[in-house]
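*Asks:* Throw the hints in and build the complete structure from the sequences for me.
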Amino acid sequence: MKVFLAVVLAGLCLTVDAIAVLAASAPPAKIVITPASFSEREGLLIVTQNQGYFRKRNLDVQLVLMPSAPIAFSALTAGE
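Read in order, the letters of the sequence shown are residues 66 to 145 in our numbering.
It should be emphasised that the hints constitute simulated quantities derived from the structure, not laboratory data. Because the structure is a prediction, the values reported are computed rather than measured. Where a beta carbon is used, it is the ideal one built from N, C-alpha and C, also for glycine. Just so you know, not all the hints are guaranteed correct.
[Claimed, not checked] Quick list of the computed label-pair ranges, beta carbon to beta carbon:
hint: 1; residue 1: 90; residue 2: 134; range: 33 to 41 Å
hint: 2; residue 1: 90; residue 2: 136; range: 35 to 43 Å
hint: 3; residue 1: 140; residue 2: 115; range: 20 to 28 Å
hint: 4; residue 1: 91; residue 2: 134; range: 27 to 35 Å
*Replies:* In structure tokens:
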């Protein structure tokens with residue numbers, strides 16, 4: 066019984082390691098966040114990005130200030 070549990074535990078560890086390797090090798094998802102102004106809410110995004118939270122979760126986040134809605138909508142429709 067102990068041998069069986071050791072084999073199951075070793076298999077589980079190998080599976081978890083394989084999943085971690087696959088996730089790390091995937092290219093980061095690109096996300097563009099366009100706040101219209103900088104306040105406490107947007108400041109939290111800046112701190113989060115500077116602390117590496119997005120990078121640790123395999124996200125490539127870019128913060129772009131869009132001071133007006135028409136500019137933001139035209140950039141969104143253009144795919145920028």
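*Asks:* All hints are to be evaluated individually against the structure, with a verdict given for each.
*Replies:* Hints and how they fare:
no., hint, result
1, 90 x 134: 33 to 41 Å, "holds (39 Å)"
2, 90 x 136: 35 to 43 Å, "holds (37 Å)"
3, 140 x 115: 20 to 28 Å, "holds (24 Å)"
4, 91 x 134: 27 to 35 Å, "holds (34 Å)"
Going through the hint list in order, the structure satisfies each hint without exception.
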